[in-house]
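A.B. asks: One letter stands for each residue in the lines below.
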Amino acid sequence: MLNEGYGMHKMIRIMSLMVLLLLCMLTLGASVESVQDGYVEVHFIDVGQGDAILIRSANHAVLIDGGNRNTTVLDYLSSLGVQKLDLVVGTHAHADHIGGLIPVLEQLPVHEVMDPAVVHTSKTFEDYLSVIDRKNIRFTVADTGLKRSYGDMLLHVLHPTQPAATDLNNSSIVIRLIYHKISFLFTGDAEQVSERAILERSGQNLASTILKVGHHGSSTSTSAEFLSQVRPEVAIISVGEGNTYGHPHDLVIARLAAQHVDLYRTDMHGHIIIRTDGNAFMIESQKAVEVTFPLYRIGINSADASQLKKIVHIDEVRARSLISLRPFSSLEDLARIPGIGPSRVRDIIQQGLAYVDEEED
Amino acid sequence: MRAVIDRFEETYAVVLVGPQEVELHITKEELPPESKEGSVLSMGFSLDIQGEVQQRKKVSSLLEKLKRKHLET
Numbered sequence: 001m002l003n004e005g006y007g008m009h010k011m012i013r014i015m016s017l018m019v020l021l022l023l024c025m026l027t028l029g030a031s032v033e034s035v036q037d038g039y040v041e042v043h044f045i046d047v048g049q050g051d052a053i054l055i056r057s058a059n060h061a062v063l064i065d066g067g068n069r070n071t072t073v074l075d076y077l078s079s080l081g082v083q084k085l086d087l088v089v090g091t092h093a094h095a096d097h098i099g100g101l102i103p104v105l106e107q108l109p110v111h112e113v114m115d116p117a118v119v120h121t122s123k124t125f126e127d128y129l130s131v132i133d134r135k136n137i138r139f140t141v142a143d144t145g146l147k148r149s150y151g152d153m154l155l156h157v158l159h160p161t162q163p164a165a166t167d168l169n170n171s172s173i174v175i176r177l178i179y180h181k182i183s184f185l186f187t188g189d190a191e192q193v194s195e196r197a198i199l200e201r202s203g204q205n206l207a208s209t210i211l212k213v214g215h216h217g218s219s220t221s222t223s224a225e226f227l228s229q230v231r232p233e234v235a236i237i238s239v240g241e242g243n244t245y246g247h248p249h250d251l252v253i254a255r256l257a258a259q260h261v262d263l264y265r266t267d268m269h270g271h272i273i274i275r276t277d278g279n280a281f282m283i284e285s286q287k288a289v290e291v292t293f294p295l296y297r298i299g300i301n302s303a304d305a306s307q308l309k310k311i312v313h314i315d316e317v318r319a320r321s322l323i324s325l326r327p328f329s330s331l332e333d334l335a336r337i338p339g340i341g342p343s344r345v346r347d348i349i350q351q352g353l354a355y356v357d358e359e360e361d
Numbered sequence: 001m002r003a004v005i006d007r008f009e010e011t012y013a014v015v016l017v018g019p020q021e022v023e024l025h026i027t028k029e030e031l032p033p034e035s036k037e038g039s040v041l042s043m044g045f046s047l048d049i050q051g052e053v054q055q056r057k058k059v060s061s062l063l064e065k066l067k068r069k070h071l072e073t
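One line per chain: the protein sequences are A and B, in this order. Heads up, the first sequence stops at 361 in my numbering, and the numbers go up one at a time, no gaps. Heads up, the second sequence stops at 73 in my numbering, and the numbers go up one at a time, no gaps.
Derived from the structure by calculation, the hints contain no laboratory data. Note that the Cβ used here is the ideal one computed from N, Cα and C, for glycine as well. Incorrect hints may appear among the rest.
Anything over 12 Å on all C-beta distances counts as not near chain A; from chain B, calculated [as the list claims (entries may be wrong)]:
#1 25
#2 35
#3 43
#4 46
Pairwise CB distance ranges, derived in the manner of DEER restraints [to be verified]:
#5 233/A - 1/B: 44 to 54 Å
#6 347/A - 37/B: 52 to 62 Å
#7 75/A - 7/B: 45 to 55 Å
#8 151/A - 28/B: 50 to 60 Å
#9 309/A - 47/B: 39 to 49 Å
Using the sequences plus the hints, can you model the full thing?
C.D. replies: Here you go:
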């Protein structure tokens, strides 16, 4: 029943998406800066390794994190003509999230700052608090159950519950944004311990159309269990190109692939903008990446050994026999590889990384 | 940790730190007096417990001040 309903919903959504597309084509060029009445835009700003997300409607604007301490985000807001912010959320005290909020708080009128209020000893955090103090900005301690509404946009705080964890990642503010039928889940750097707490508190109400993947795609976050409750259609990873930490982690990519989530990454797509009328959504990115899905899947008839080894149960030896046994007509056909039986084939299918492509000439 | 002085710019030394040669700008006064372009430095770290305690206190009281302000409004 649930599944049928979902399918129907999806069809309606595709149809309304076409209408939305038409509308956008008609109005293109009319105004690049302001948001049309009835629409919400969510901008995942490419700040390199860090997070910065702008939510705006015709009359409201909310900023979640600001990347590292530079003016990238302030410049981005200025270029859009954003002149004031209803809310600034500093998800947690790490410099790659709050650093860039400092120039924003200095330059733009901000009605309210929401923060987990956990002490950190960096000068960046001190300066961030000092500017809030100096500008007399309303300071709200984030706590589960807090709500804000801006027109028809609703923001629900799902984490932390006070007193917040002193481990900063797990003090991250997690917010669900609901705009009619479209919802977003913003997770800061929350790790699996927080995900479990969130699941316990609000398990059934986590389903979200779009997920901002936690902690830049680190393996510390985005458990399969969490993902299966959120059930996103689209996942966004905010991550710096060639970062030294190895974000996003292959495991997280595989978990997303296993659930057939469409993936966008700021390191590949640049700024990512999602526009919605509350019924359908469309995604625009700064850089065109030819294939957005499946970006991260491995074609078994063409991938090299190092790629193939990312597939579960495929080690160096099996990768070599796989290559020598090509072509494969189906994933089940992988059972021809010595050491791979039907149950391992099931694992491979479950993992979602491997797919059958045409063999290269 | 190994670091190398790449060059001097005005009053700063541009120091490349660690295997990734992360760039740090350090005032000349903070370096050994005989440092020169190309000097290889050995960098060490030690915990500053007192510094951490002080900063925790400072930031905690700032946080408390902001929370109280909100209660009053």
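A.B. asks: Hey, is residue 35/B genuinely clear of chain A, shortest beta carbon separation above 12 Å?
C.D. replies: holds, 26 Å
A.B. asks: Is the gap between the beta carbons of residue 75/A and residue 7/B within 45 to 55 Å?
C.D. replies: violated, 29 Å
A.B. asks: Could one say that the CB atoms of residue 151/A and residue 28/B fall in the range 50 to 60 Å?
C.D. replies: This hint holds: roughly 56 Å between Cβ atoms.
A.B. asks: Quick check on a hinted range of 44 to 54 Å for residue 233/A and residue 1/B, using CB atoms only.
C.D. replies: holds, 45 Å
A.B. asks: Between residue 309/A and residue 47/B, does the C-beta distance stay in 39 to 49 Å?
C.D. replies: holds, 41 Å
A.B. asks: Looking only at beta-carbon atoms, does the pair residue 347/A, residue 37/B fall within the given range of 52 to 62 Å?
C.D. replies: holds, 57 Å
A.B. asks: Does the no-contact call for residue 25/B survive, Cβ to all of chain A over 12 Å?
C.D. replies: holds, 15 Å
A.B. asks: When you look at the beta carbon of residue 46/B, is every beta carbon of chain A farther off than 12 Å?
C.D. replies: holds, 16 Å
A.B. asks: Mind verifying the non-interface call on residue 43/B? Its CB should be farther than 12 Å from each CB in chain A.
C.D. replies: holds, 18 Å
Consistency with the previously given hints fails for number 7 only.
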